[in-house]
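Enquirer: Residues per chain are reported as follows:
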Amino acid sequence: MKKVITGNQAVAYGVILSRVDVISAYPITPQTTIVEELSELTASGRMKTVFLKVESEHSAMAALIGASTGGVRCFTATSSHGLAYMHEMLHWASGARLPIVLVNVNRAIAPPWNIWSDQSDSLSQRDTGWVQLYCEHNQEVLDTVVQAYRIAESVKLPVMVVLDAYVLSHTSEAVEIPTGEEVDGFLPPYCPEYPIDTQEPVAFSTIATPDHFLEFRYKIQKAMEQVPEVAKKVDDDFRSRFGRGYGAIERYGKEEAETLLMTSGTVTGTSRIVVEKLIGKGYDVAGLKIKRFRPFPIEEIYKEIKGAKKVAVIDRNLSAGVGGIFAQELRASLYSRERRPQIFGFVSGLGGRDIALELIEEAIQYTMDHPRPEEEILWLGLKK
Amino acid sequence: MTNQLTFKGASQMPTISVSFGHMDWNKTGAWRAQRPFYEDKTSPCSTACPVGNDIVGFIQKIADGDFGGAWNLIKEENPFPGICGRVCFHPCESKCNRRDYDEPIAIHALERFVSDFASTLNRKIEKQPGVRKGKIAVIGSGPAGMSCAYHLTKLRYDVTVFETSSLAGGMLRAGIPSYRLPKDVLDREISNIEKLGVEIRTGMPFGENLKLEGLKDYQAVFIATGAHQSRSLHIPGEKGRGVFSGLDLLKKINLSKKVMLGDKVAIIGGGNTAIDVARSVIRLGKKATILYRRSKEEMPAFGEEMVEAVEEGVKIRYLVNPIHIQQKDGLRRLECLRIELGDKDESSRRRPVPIPNSNFFFEVDSVIIAAGEEAEVSFLPKGMEKREGIVLTQRDGSTDIKGIFAGGDLTSNQRTVAHAIGSGKRAALAIDCYLNGKNPEEAIRQILIGDGPSISIFRYLHPEERRMNPHVVTFNELNTDYFEPLERRKESKGVAKKRIKGFGEVTSGYTEGSALEEAERCFSCGTCNRCENCYVFCPDASIIKAEGVFSHQMDYDFCKGCGICFSECPRGAISLEEEAR
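Protein sequence lines, in the order shown, are assigned to chains A and B. Taking numbering that gives the first Met the number 0, I'd label the letters of the first sequence as residues 0 to 383. Taking numbering that gives the first Met the number 0, I'd label the letters of the second sequence as residues 0 to 580.
Chain A extracted, bound-state conformation (with noise of 0.2 Å):
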């Protein structure tokens, strides 16, 4: 069934379809009609769900963390502020295994005050070993949370779904809604690895010595060496029952390409159309749409790299005193390789400006246009 929804609206369908046990949450703007829509499906009892209200990010997200490790399906939403609260909590989440996921809507962190679209919340999570996949339309968005539970189930780690504040969470698109039965046939009930018994009570997250810490963390970082060949299969599972899948990335444009146009979440979508027209204006250009943000998925972007000389990355984020996140990471990450593209790294959009078109044109000729980058940050569309 195709309905017109929000982006929020996508994420509370998905949660329906993923029949999540428990759902803790506090309302943050731009994320609230998510918790809005989820609490009134629980209280009409059209969802069988536990609905915990707490007084703030942090207690919402231990919340979960108790009732996963009790083995249950649980699920949170934030942004901004909230996640950023929530931070000490991402780590035990992680750290215990467990597979909560959070729908995190994009918003800049004040001061100045500021309730828009910038990735700089999630990106500031990037350490607290979670999964990051970052959507570019509502029905991804739906998909993604479906999708996400699999894998967090799989590989015993949280996994947070990303989407742009407004642009997506308040925008409202056709979006196929699968049935439950085809969801239940999809995603299997949860398992807990070491199920609790109330009448023996353990104790879990015991302290680890120097001698063991290490190898905990070791085995996190092997789990999310997991991620790539399991999230892939799940897409392609969900592809073949619901037609629809999204990779860890996505190559858009020519096939081969000397320029590289590289971005994430809702930017994608108006950068299709400008890739487009500069194909047929005979511009030897591509697009890269970068879904999964952890694990980086170098492996998948290095293939599509080929005979690219230039990428340019468009973030919507700042690491100040770095630059983007995005293009941080993937000049990180192919400094050990053989073929190593000029990165270009422009940072835009902060706080919910528009990345309009001719931005996005003007980040593509200025990056054929020059041999390397005049600068380590090349600011689009600043005002000087």
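It is worth saying that the hints were derived from the structure and are not from the lab. Hints may be right or wrong, so weigh each one.
Straight-line C-alpha distance at most 25 Å; calculated SDA-like pairs for lysine to any residue [what the hints assert, rightly or not]:
no.	chain 1	residue 1	chain 2	residue 2
1	A	LYS221	B	ALA9
2	B	LYS7	A	GLY94
3	A	LYS155	B	THR27
4	B	LYS7	A	GLN225
5	B	LYS559	A	GLU87
6	A	LYS221	B	LYS7
7	B	LYS26	A	LYS221
8	B	LYS26	A	LEU356
9	A	LYS221	B	THR27
10	B	LYS26	A	ILE195
11	B	LYS26	A	THR208
12	A	LYS382	A	LEU356
13	B	LYS559	A	HIS86
14	B	LYS7	A	GLU192
15	A	LYS155	B	PRO128
16	B	LYS559	A	GLY69
17	B	LYS559	A	ILE219
18	B	LYS7	A	ALA207
19	B	LYS26	A	GLU87
20	A	LYS155	B	ALA9
21	B	LYS559	A	ILE195
22	B	LYS7	A	GLU214
23	B	LYS7	A	ILE219
24	B	LYS559	A	ARG216
25	A	LYS218	B	TRP30
26	A	LYS218	B	GLY547
27	B	LYS559	A	HIS57
28	B	LYS26	A	HIS57
29	B	LYS559	A	PRO200
30	B	LYS7	A	THR208
31	B	LYS26	A	PRO191
32	A	LYS218	B	PRO235
33	A	LYS221	A	GLY70
34	B	LYS26	A	GLN225
35	B	LYS559	A	LEU51
36	B	LYS26	A	GLY69
37	A	LYS52	B	THR27
38	B	LYS559	A	GLN225
39	B	LYS7	A	SER204
With chain A's structure known, arrange chain B on it following the hints.
Expert: Just chain B now, with coordinates in the frame of chain A:
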């Protein structure tokens, strides 16, 4: 150590850190997967001590300045600290963990210090109180017999010791020269045993005046008549004039009898008796040459005494084997063969192989044969199994005859004072078991120090006190970050030129200062000495002071199980165990 959680690597480890220990006591769960606890373990010195001394215990008392306490502790296991401190070959020191760090603790010197200090206190020794449980006869007043008598008295038996000679002490008196063991030290320690209520009847040779049948009044008999027969060389001329046995010579000197020796003396043998004889001969103003058929490495005499002997002018000729003692104009002419070393024999020493036609002659005035001693077994009652000159017993000293036990040199080829003292103690325990219908093997097993063979009679008497894990602490289990290299305190020795003028004691004991310094060097392996490293390092203030067996205890309401106390304990006195299910 025992139930500590250790994983070889990530592949063995669970996905997450989880304790399957029962958590009913704390509904919110604890950090702990393991809990630390104080647990004394066995020190390598104690397990190496044939006597079974609580070495770490008495050294700690010395370090605390409690010399009287050290004395009491030693006396629990050993009635002869003054003797052991002087003549024991101190195997404890060769197992001392400090050997792997700088130099072992001078345990013998500390033991001697404690004994000498105690003798200055003029303490009155009271007769062992309590009703006597029975009458036991001990035959032989050497270290084995007296040790057995001492412990039996402490176990509240009436003990009578029968001694052939006119003075008690056995080999301690007859065989050990007074420059190593002064007679007053021996007299003091024997008389201390007598004061407890042990009766010693001298001039009672076993098998002659005294027969087993005459001991019917006694419920058990311990035979420790020693090994006093000098071994023969089986060469022509060894019964001739001017040829003596080493042990006979030492006995004469020790009993201040006149000794007729020429100027040039050859001593044949390489054991401790040979060295004792040679050094005694030097003190009588003669020249002494030891002839030994193997090389220095194979020589069974203790290294330290060989060094002292050479300092005093004893010559040692290696790789020579006398084959004939000829008499020539009042001189002894030793015909010898030169030797080369072949393959290892059953003693894992290289076998001496005579070189054909290498005969040479060695002219001396007197020849002393010190080729080892054997036990005299001919007078022993029938029914005791004997093999290769010793009486065979069970581990507890029991013989094939019910109620008859044996120990010391008579039953073992180890032939050391410490082993003799240990065997006497073991027999005392076995006799107590025998008379009370207890299983001696089981009793021994309960009180082994480490893996044994030494035992602690204190634990037999007080099974609930001073509990100790038999695990022997290794060097790697210590945290040596908390120690610094410190030179071993030396005992002072007289210069060789002066000491050969008579039979005065060669080595002087520690001063109080040296004893304290040396005791401070002790790692105290496995035994808490209240250093409080745990108290200082615990990040959660979960080590609290306590009154009890240990000076501190863990506060398990707050202990996170980080194990820092365990790893920072310098001496392995804290253990970790997995939280129990």
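Enquirer: Hint by hint, say whether it matches the structure.
Expert: Tested hints:
1. A:LYS221 / B:ALA9: Roughly 11 Å between the alpha carbons, so the hint for LYS221 (chain A) and ALA9 (chain B) holds.
2. B:LYS7 / A:GLY94: holds, 21 Å
3. A:LYS155 / B:THR27: holds, 23 Å
4. B:LYS7 / A:GLN225: holds, 23 Å
5. B:LYS559 / A:GLU87: Given pair LYS559 (chain B), GLU87 (chain A) holds - Cα atoms ~20 Å apart, limit 25 Å.
6. A:LYS221 / B:LYS7: The hint holds at about 18 Å.
7. B:LYS26 / A:LYS221: violated, 33 Å
8. B:LYS26 / A:LEU356: violated, 58 Å
9. A:LYS221 / B:THR27: violated, 30 Å
10. B:LYS26 / A:ILE195: Distance ~13 Å between LYS26 (chain B) and ILE195 (chain A) Cα, so the pair holds.
11. B:LYS26 / A:THR208: Cα-Cα ~23 Å, so holds.
12. A:LYS382 / A:LEU356: Between LYS382 (chain A) and LEU356 (chain A) the Cα gap is close to 17 Å, so the pair holds against 25 Å.
13. B:LYS559 / A:HIS86: Holds: LYS559 (chain B) and HIS86 (chain A) sit about 24 Å apart, inside 25 Å.
14. B:LYS7 / A:GLU192: The hint holds at about 22 Å.
15. A:LYS155 / B:PRO128: Violated: LYS155 (chain A) and PRO128 (chain B) sit about 72 Å apart, past 25 Å.
16. B:LYS559 / A:GLY69: With Cα atoms ~23 Å apart, LYS559 (chain B) and GLY69 (chain A) stay inside 25 Å; holds.
17. B:LYS559 / A:ILE219: Holds, at about 23 Å.
18. B:LYS7 / A:ALA207: holds, 14 Å
19. B:LYS26 / A:GLU87: Holds, because 22 Å separates the two Cα atoms, which is no more than 25 Å.
20. A:LYS155 / B:ALA9: holds, 16 Å
21. B:LYS559 / A:ILE195: holds, 22 Å
22. B:LYS7 / A:GLU214: holds, 10 Å
23. B:LYS7 / A:ILE219: holds, 18 Å
24. B:LYS559 / A:ARG216: holds, 20 Å
25. A:LYS218 / B:TRP30: Holds - the C-alpha atoms of TRP30 (chain B) and LYS218 (chain A) are around 20 Å apart, at most 25 Å.
26. A:LYS218 / B:GLY547: violated, 44 Å
27. B:LYS559 / A:HIS57: holds, 24 Å
28. B:LYS26 / A:HIS57: Roughly 21 Å separates the two Cα atoms, so the pair holds.
29. B:LYS559 / A:PRO200: Answer holds: LYS559 (chain B) to PRO200 (chain A) is near 18 Å, not above 25 Å.
30. B:LYS7 / A:THR208: With a Cα-Cα distance of about 14 Å, the restraint between LYS7 (chain B) and THR208 (chain A) holds, given a limit of 25 Å.
31. B:LYS26 / A:PRO191: holds, 21 Å
32. A:LYS218 / B:PRO235: Status violated; Cα separation ~81 Å.
33. A:LYS221 / A:GLY70: holds, 22 Å
34. B:LYS26 / A:GLN225: violated, 35 Å
35. B:LYS559 / A:LEU51: violated, 30 Å
36. B:LYS26 / A:GLY69: Roughly 14 Å separates the two Cα atoms, so the pair holds.
37. A:LYS52 / B:THR27: holds, 21 Å
38. B:LYS559 / A:GLN225: With Cα atoms ~33 Å apart, LYS559 (chain B) and GLN225 (chain A) exceed 25 Å; violated.
39. B:LYS7 / A:SER204: Judged against 25 Å, a Cα distance of about 20 Å means the pair holds.
Consistency with the previously given hints fails for numbers 7, 8, 9, 15, 26, 32, 34, 35 and 38, ordered from lowest to highest.
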